[in-house]
Amino acid sequence: MFDVTDRSSFEACPLWTQKVKELAKNSSVPGILIGNKTDLISLRDVTETEARQFAEEIGIKYCELSIKEARNVLEPFNILARDFYKLYQTTAGQFREML
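Each residue of the sequence shown is one higher than the last, beginning at -14 in the numbering used here.
To be clear, the hints were calculated from the coordinates, so they are not data collected in a lab.
Be a bit skeptical, because a hint or two may be false.
[What the hints assert, rightly or not] Result set (BS3-like, lysine-lysine): computed pairs, CA atoms no more than 25 Å apart in a straight line:
no. : residue 1 : residue 2
1   : 71        : 10
2   : 71        : 53
3   : 53        : 10
4   : 53        : 6
5   : 71        : 6
6   : 53        : 4
Please read all numbers here as calculations on a predicted model, not as lab measurements.
Using the sequences and the hints given, assemble the complete structure.
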């Protein structure tokens, strides 16, 4: 998660994603990049387009939300739940084929 009004928080995302990849080793774990504080329109410093492009480059989904306004707060959880379910279906199918 990064603050759309704070470019330095967005610029730290590559470092954080690299750390997650190192910890996950060779695991295929779904992920999502979240832009927060979208209610602060006049202070916005990171565009939705550049954040989406970065997320696409590293192979994860992107969503924006505003905790303050409770807008799209559940969306990241819904996205991750769907992605983990898809991963489960794929993995369960592979295990069944091995039996």
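Here's how the hints hold up against the structure:
| no. | hint | verdict |
| --- | --- | --- |
| 1 | 71 to 10 | 20 Å, holds |
| 2 | 71 to 53 | 31 Å, violated |
| 3 | 53 to 10 | 35 Å, violated |
| 4 | 53 to 6 | 30 Å, violated |
| 5 | 71 to 6 | 20 Å, holds |
| 6 | 53 to 4 | 28 Å, violated |
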